[in-house]
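Student: Each protein sequence line maps, in turn, to chains B and D. The opening position of the first sequence corresponds to residue 1 in the UniProt record's numbering, with each subsequent residue numbered one higher. The opening position of the second sequence corresponds to residue 1 in the UniProt record's numbering, with each subsequent residue numbered one higher.
Read the hints as simulated data drawn from the structure, not as lab findings. We put the CB at the ideal spot given by N, CA and C, even for glycine. Be aware that one or more of the hints could be misleading.
Short derived list, chain B residues pointing at chain D, Cβ under 10 Å [unchecked claim]: (1) Arg89; (2) Leu103; (3) Met107; (4) Ala116; (5) His147; (6) Cys285.
Partial pick of chain D residues on the chain B-facing surface, computed with a CB cut under 8 Å [said to hold, decoys possible]: (7) Ala221; (8) Arg222; (9) Arg225; (10) Ser275; (11) Asn279; (12) Ile310.
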Amino acid sequence: MSHIVTCENLVVTYRASNGPVRALDGVDLTISEGETLAIVGESGSGKSTLGMAMGRLLPAEAEREDGRMDVAGQPVFDIAANDLRELRRDLLGFVFQNPMVALDPTMRIGRQMQRAMGRRAGSEEIHALLERAELDDPARVAKSFPHQLSGGMAQRVVIAMASARTPRLLIADEPTASLDASIRDKVMGTLCRLRAESGASLVILSHDVHMIARHADRVAVMYGGRIVEQGPTGRVLDAPVHPYTRALLKAAAGHEKPGDWLTPIPGTPPLLSARCAACSFEPRCTVSEENCHTTRPEPREVEGREVLCLLAGTQTEPKEAAR
Amino acid sequence: MRILFYFLPKLAVAAITMLGVSALVFLSLRMIPGGYADVLLGPFVTPEAREAIAVRYGLDQPLLIQYLNWLGALFQGDLGVSMVTRAPVLDEFLRRAPVTLELALLALIVALAGGLPLGILAGIAPPDHRGGLLARLVGALGASVPDFVLGSLLIFVFSVWSLWLRVGGYVGPIEDPVGNLRVMLLPALTLSLFGIALVLRTTRDAVLRVMTEGHITTALARGERPIDIVRLHVLRNAAIPVVTVVTTYFGFLLGGAVVVEVLFSIPGIGFFIFSGLENRDYAIVQAGVLIAAAVFITINMLADLAYALIDPRVGSGRH
Numbered sequence: 001m002s003h004i005v006t007c008e009n010l011v012v013t014y015r016a017s018n019g020p021v022r023a024l025d026g027v028d029l030t031i032s033e034g035e036t037l038a039i040v041g042e043s044g045s046g047k048s049t050l051g052m053a054m055g056r057l058l059p060a061e062a063e064r065e066d067g068r069m070d071v072a073g074q075p076v077f078d079i080a081a082n083d084l085r086e087l088r089r090d091l092l093g094f095v096f097q098n099p100m101v102a103l104d105p106t107m108r109i110g111r112q113m114q115r116a117m118g119r120r121a122g123s124e125e126i127h128a129l130l131e132r133a134e135l136d137d138p139a140r141v142a143k144s145f146p147h148q149l150s151g152g153m154a155q156r157v158v159i160a161m162a163s164a165r166t167p168r169l170l171i172a173d174e175p176t177a178s179l180d181a182s183i184r185d186k187v188m189g190t191l192c193r194l195r196a197e198s199g200a201s202l203v204i205l206s207h208d209v210h211m212i213a214r215h216a217d218r219v220a221v222m223y224g225g226r227i228v229e230q231g232p233t234g235r236v237l238d239a240p241v242h243p244y245t246r247a248l249l250k251a252a253a254g255h256e257k258p259g260d261w262l263t264p265i266p267g268t269p270p271l272l273s274a275r276c277a278a279c280s281f282e283p284r285c286t287v288s289e290e291n292c293h294t295t296r297p298e299p300r301e302v303e304g305r306e307v308l309c310l311l312a313g314t315q316t317e318p319k320e321a322a323r
Numbered sequence: 001m002r003i004l005f006y007f008l009p010k011l012a013v014a015a016i017t018m019l020g021v022s023a024l025v026f027l028s029l030r031m032i033p034g035g036y037a038d039v040l041l042g043p044f045v046t047p048e049a050r051e052a053i054a055v056r057y058g059l060d061q062p063l064l065i066q067y068l069n070w071l072g073a074l075f076q077g078d079l080g081v082s083m084v085t086r087a088p089v090l091d092e093f094l095r096r097a098p099v100t101l102e103l104a105l106l107a108l109i110v111a112l113a114g115g116l117p118l119g120i121l122a123g124i125a126p127p128d129h130r131g132g133l134l135a136r137l138v139g140a141l142g143a144s145v146p147d148f149v150l151g152s153l154l155i156f157v158f159s160v161w162s163l164w165l166r167v168g169g170y171v172g173p174i175e176d177p178v179g180n181l182r183v184m185l186l187p188a189l190t191l192s193l194f195g196i197a198l199v200l201r202t203t204r205d206a207v208l209r210v211m212t213e214g215h216i217t218t219a220l221a222r223g224e225r226p227i228d229i230v231r232l233h234v235l236r237n238a239a240i241p242v243v244t245v246v247t248t249y250f251g252f253l254l255g256g257a258v259v260v261e262v263l264f265s266i267p268g269i270g271f272f273i274f275s276g277l278e279n280r281d282y283a284i285v286q287a288g289v290l291i292a293a294a295v296f297i298t299i300n301m302l303a304d305l306a307y308a309l310i311d312p313r314v315g316s317g318r319h
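Chain B with its partners taken away, still in its complex shape:
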């Protein structure tokens, strides 16, 4: 199976007034054609930076310091502006968190759809695409301005725009987080259906473990700008190996049985200013040992997934942390 995304040791820093912030601390990741990958992690874990880096859509103060990101065989950080634009237009589709912000408030939906589909798209094609995104009255939607639509309808428009040119890679950054809980599943269903129809790969950036369990083939857990655990969804969510993944699942609502507790993770994710020389989760880890503080973990194969933990798979690590 060929790879649509190959990311090697990617390091991205943001210039800030009080010094650089290292958002990605060496990310290695491959995404296969047609697969659905979920990237999970708290805010500040670097997952949005990684997602945006796939289209080099990072803000001006972000800088690629090291490594590379190849999308469809093209190194996005090293190609000419024109090629980058064609890559974005023809091969990538982005779905953003808040559709009300992602749509131009002063332009009618039909016109924005046309910008996404190409000059030759007539109103029939536009209506057909809106209909494929399960919008019931495409003619009315096309005539509307974004503020005249509900959040769910607007997100369907954004999804339709993202899949307008049958992209090979869809990137959805918290696609349902801003929506009403009652319609999240339906909108997510639309996104996955459009993906399946085109056979594109899909990257979902989210912290909604529930939703990921249902839709993703593979999960990558991010912490401190690195992927700390990645593998098949079932394996990672049912039997997490990395202490952070375990803590994340304990903190997430939705999987608890009656009488269970939700345990928030104490502390906050680190703000790195340089390459982390140790395990970045060590300060918050309940099972850490002496060398976690001094050794930077490298990816290892443990129980059918890749893990960044010195203790994973060893006997010292308790399988179930105490409540």
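Following the hints, put chain D in place on chain B, whose structure we already have.
Tutor: Leaving out everything else, chain D in the frame of chain B:
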């Protein structure tokens, strides 16, 4: 319908504002020491002569009666008569209005032609871009150099070396279009420097703000060319604050740029009001301020209308 409901309350507010302006200008003029009698008869005037003048112009009546008389005449379209020239004030204003209008339009064109491109450039260029630096320099200069300084400087330079342009000696645009332009360009430039800076800074700030909005990222993500992003998404979303300052600036220009018109001896409304004030020619000053206020309010209402046309959310109750 949306626009009508959005607009009607503004019309009512405008009427109240005009009434307030009329009372204010009427009162403040009468609080200036001295009157027409002092101007006409000089410092050694007898009480009897002063009395005669007051009676002739109705200045012996109580202030409230004078005010109501004036308002009553206003509603019949009568702006009064100049005490100095004995001509109806309205005719005098209509004669001078085209001069001020021309000056205002010229200054506005220069301000837009200079301020808009520089402002957009400064908004989209990287911080160390040369155009951005120029924009910042012009913006700082225009905001800090007063018009009488720039005007005096231009008068000095162009009086010594004519360089085709002329200082003073107004000629109408119909008799001599080229000569008119030679006279009007310097005062228009003087007036426009502030306008360039105003338009530039407002445009730059608005463009900078829009550039960080999410829909710009969306446009980038679908592979739009930078020129199309600016043309289709940035300009319209940045337009509202620019329209606001441009209309305010134009209203200010139309009200008669007193300093610049006096400086360059341009016989427009500003010069006229200025001389009316010197002569304590109440009718001229009252009418002048009132007309300026009416123009200003009208222009601002047009701006409100423009907002509703630019941004579909305005007046819809949802933002």
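Student: All hints, please: hold or fail.
Tutor: Against the structure, the hints:
The beta carbon of Arg89/B is positioned within 10 Å of a beta carbon in chain D (closest approach about 3 Å), and the interface hint is therefore held. Taking 10 Å as the C-beta cut-off, the interface hint given for Leu103/B holds, the closest approach to chain D being about 6 Å. The interface hint given for Met107/B is met, as the beta carbon of that residue sits about 7 Å from the closest beta carbon of chain D, less than 10 Å. Checking Ala116/B against chain D: minimum C-beta separation of about 5 Å stays under 10 Å; hint holds.
Because the smallest distance between the Cβ of His147/B and any Cβ of chain D comes to about 5 Å, under 10 Å, the interface hint for this residue holds. For Cys285/B, the interface hint is violated, the least distance from its beta-carbon to any beta-carbon of chain D being 35 Å, above 10 Å. Taking 8 Å as the C-beta cut-off, the interface hint given for Ala221/D holds, the closest approach to chain B being about 4 Å. Checking Arg222/D against chain B by beta carbon gives a least distance of about 5 Å; that is within 8 Å, so the hint holds.
With a least beta-carbon distance of about 7 Å to chain B, the hint placing Arg225/D at the interface is held under the 8 Å criterion. Taking 8 Å as the C-beta contact cut-off toward chain B, the hint placing Ser275/D at the interface is violated, the least distance being around 47 Å. The beta carbon of Asn279/D is not positioned within 8 Å of any beta carbon in chain B (closest approach about 51 Å), and the interface hint is therefore violated. For Ile310/D, the interface hint holds, since its Cβ comes within 8 Å of a Cβ in chain B; the closest pair sits about 7 Å apart.
Violated hints, listed in ascending order, are 6, 10, 11; each of the other numbered hints is respected by the structure.
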